[in-house]
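> Given next are the chains, with one letter for each unit.
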Amino acid sequence: MGWLFDPAHWSGSSGIPVRLLEHFGYTLLTMVIAALIAIPLGAFVGHTGKGGFVIVGLSNALRALPTTAVLILVVLWAGLGDFPVYVALVLLAIPPIMAGTYAGVRAVDPVTVDAARGVGMRESGVLLQVEIPNALPLIFGGFRGAALQVVATATIAAYTGAGGLGRFVFDGLALQDFGQMLAGAVLVALLAVLVDLGFAGLQRLTVSPGLRPVGTGGNR
Amino acid sequence: MPGYAERVKVFGIYIQGGPIGVVVTTGGIRRVIEFRAVTKRFEDGTIAVDELDLTVEAGTITVFVGPSGCGKTTSLRMVNRMIDPTSGTILVDGKDVLTVDPPTLRRGIGYVIQQAGLFPHRTVLDNIATVPLLSGWDKRKARTRAAELLEIVGLDANFGKRYPAQLSGGQQQRVGVARALAADPPVLLMDEPFSAVDPVVREDLQNELLRLQAEFDKTIVFVTHDIDEALKLGERVAVFQTGGHLAQYAKPAELLSAPANDFVASFVGRDRGYRTLTFLHADVPVHPVTTAKLGERVTITDWTLVVDEENRPKGWLSGVDGEVEVAEKDLISGGSLYDGTTLRGALDAALSSPSALGVVVDGAGAVTGVVHAGDVIQALAKARAAGEVPK
Ligand SMILES: Nc1ncnc2c1ncn2[C@@H]1O[C@H](COP(=O)(O)OP(=O)(O)OP(=O)(O)O)[C@@H](O)[C@H]1O
Ligand SMILES: [Mg+2]
Chain D
1 MGWLFDPAHW
11 SGSSGIPVRL
21 LEHFGYTLLT
31 MVIAALIAIP
41 LGAFVGHTGK
51 GGFVIVGLSN
61 ALRALPTTAV
71 LILVVLWAGL
81 GDFPVYVALV
91 LLAIPPIMAG
101 TYAGVRAVDP
111 VTVDAARGVG
121 MRESGVLLQV
131 EIPNALPLIF
141 GGFRGAALQV
151 VATATIAAYT
161 GAGGLGRFVF
171 DGLALQDFGQ
181 MLAGAVLVAL
191 LAVLVDLGFA
201 GLQRLTVSPG
211 LRPVGTGGNR
Chain Z
221 MPGYAERVKV
231 FGIYIQGGPI
241 GVVVTTGGIR
251 RVIEFRAVTK
261 RFEDGTIAVD
271 ELDLTVEAGT
281 ITVFVGPSGC
291 GKTTSLRMVN
301 RMIDPTSGTI
311 LVDGKDVLTV
321 DPPTLRRGIG
331 YVIQQAGLFP
341 HRTVLDNIAT
351 VPLLSGWDKR
361 KARTRAAELL
371 EIVGLDANFG
381 KRYPAQLSGG
391 QQQRVGVARA
401 LAADPPVLLM
411 DEPFSAVDPV
421 VREDLQNELL
431 RLQAEFDKTI
441 VFVTHDIDEA
451 LKLGERVAVF
461 QTGGHLAQYA
471 KPAELLSAPA
481 NDFVASFVGR
491 DRGYRTLTFL
501 HADVPVHPVT
511 TAKLGERVTI
521 TDWTLVVDEE
531 NRPKGWLSGV
541 DGEVEVAEKD
551 LISGGSLYDG
561 TTLRGALDAA
571 LSSPSALGVV
581 VDGAGAVTGV
591 VHAGDVIQAL
601 AKARAAGEVP
611 K
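Those protein sequence lines, which keep their order, are chains D and Z. Numbering of the first sequence is given in our numbering, commencing with residue 1 and proceeding in unit increments. Numbering of the second sequence is given in our numbering, commencing with residue 221 and proceeding in unit increments.
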């Protein structure tokens, strides 16, 4: 633990704060890109009810891909740098978000959806004003699960020479410096907790109190 | 600021955007719904509605009643294009609904369903404001309107901030009605709106609906499988038979007195003779009754009706002979009260009373006398002789 608290490691371009920020940056951008792809796909298929098997098949196929293999393949094709890291991480994050969104939209009470049409909402309104808001708890479930995986897996960025907390793990391994490795691992875990707390906060802000378990939500 | 009564009167003339003038206040906007040879066959071959011909009069409550699966819901949902017919035409106010884009059509037709179908993620107020907002009202006006509606359906203003999960079934149903009325549509479709609530709340909601209808003069199509509800609410009742056939379309009294076929006769029920009494208004002799007040010392010889200071009935006293002090604990609670309206009320008052004497009350609830079951039967015989009861 000495390594972690040595002030020398807390400054400079390869210090802990910089690596933390890099790692956080990978996570955030990955989650944004993955959400932009996975949520519309899952929501659309969930809304129309058509092509559910595509979602399930695609999810399973993506889940089965070994992230390291994807990383190496993209490096071979596009060279070193951040790009392969994002490809690998986005592919990792898509399945849980897509599955959560699909399941969330499907799980909205058909009576509610029928009522939305009955009051005169157009299909876009049914999806955006009723189905998605009601699916948010499950969407967040998938999203937060994906975020945890991404924080943990973003360590492999260091493998291709990019930054992030993975540097401490891989450098520590190369130097037989177990203090540094341990510090890297602990920092990843810490970041995972913080990221999850952040998204939990976002969830509280965006999910309607009306969807919380009865008796706890809303203004009495 | 106009008072409550004044304000509600104004609603009749509000349509999207504001008051449109005095002309329409007389009777509001009237709509007729016409089914012309309407058939619905689902993909699996089920014929849900078979050659339906029927006209719903403007400004009335028309009830569709019939056993489960006879096509009531399907018929109703074809009016707002939640389902499109296989053949035939449905006209609302002379216009073929198939020529109107469904979302636009639906915003002009209130729709209430059995499970209320409120949006769980929206507050009660936002639920009610849904259609005005969809129709392009500004937020503040929609909110104000929603708050008024809350009052109209008999809910306290502070319910507005709650979420549907925090309401009872009956309250949710009221909000469902408020949501359907929010943009002041001239036509209201209601699919078993009250069947999921207990009998007491249901009666409340039914009375409320009759009041709303009297006030706002909507054209309402109401679906139920409860014949009592149908007879109570409907100005006209359409009895559907399994297979999507319309068996009879008539006024309630006529359904009871002249069922078109065995199906209608059996659906209307065994006690239809008794139900017929609901539609008869005849004079039944009112007899005097001995009354006493709490705390008085009286000599009891027969059934004595105990009343309060305002002469309203509290209960019966019997089973003692001689002088007693009238005490609350000795009271036998009474049956229903007869307010002088229908023969059914008179007979029920007599039958449900422990003394076999039906208590008659005036508008203020004060006792005016009692009726005997035998007199009701005689009044019925007289009405029959006078030709008031169709044979
Ligand atoms: N989408 C559908 N596909 C196939 N058949 C259907 C569909 N919807 C309804 N039906 C059938 O059409 C018939 C009429 O159904 P409908 O829902 O109109 O009955 P209902 O009179 O409203 O009955 P209930 O009192 O039970 O609500 C039934 O036999 C039903 O099974
Ligand atoms: Mg039905």
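Keep in mind that the hints were calculated from the coordinates and are not lab data. In this text, a Cβ means the ideal position worked out from N, Cα and C, and glycines have one as well. Incorrect hints may appear among the rest.
[What the hints assert, rightly or not] Label pairs and their computed distance ranges (CB to CB): (1) 152(D) with 371(Z): 53 to 61 angstroms; (2) 256(Z) with 48(D): 39 to 47 angstroms; (3) 309(Z) with 44(D): 28 to 36 angstroms; (4) 194(D) with 416(Z): 27 to 35 angstroms; (5) 109(D) with 431(Z): 26 to 34 angstroms; (6) 530(Z) with 206(D): 51 to 59 angstroms; (7) 256(Z) with 44(D): 46 to 54 angstroms.
> Now look at each hint and say whether the structure bears it out.
Structure-based check of all given hints:
Distance hint check: the CB atoms of residue 152(D) and residue 371(Z) are about 55 angstroms apart, consistent with the given range 53 to 61 angstroms. Here the CB-CB span from residue 256(Z) to residue 48(D) is close to 33 angstroms, at odds with the stated 39 to 47 angstroms. Roughly 35 angstroms separates the CB atoms of residue 309(Z) and residue 44(D), a value that falls within the hinted 28 to 36 angstroms. Between residue 194(D) and residue 416(Z), the C-beta spacing of about 46 angstroms breaks the proposed range 27 to 35 angstroms.
Evaluation of the 26 to 34 angstroms hint for residue 109(D) and residue 431(Z) yields a pass: the beta carbon distance comes to about 31 angstroms. One distance hint, 51 to 59 angstroms for the beta-carbon pair residue 530(Z) and residue 206(D), holds here, with the actual separation near 58 angstroms. Between residue 256(Z) and residue 44(D) the CB atoms are about 38 angstroms apart, so this pair departs from the stated range of 46 to 54 angstroms.
Checked against the numbered hints given earlier, the structure breaks hints 2, 4, 7 and satisfies all the rest.
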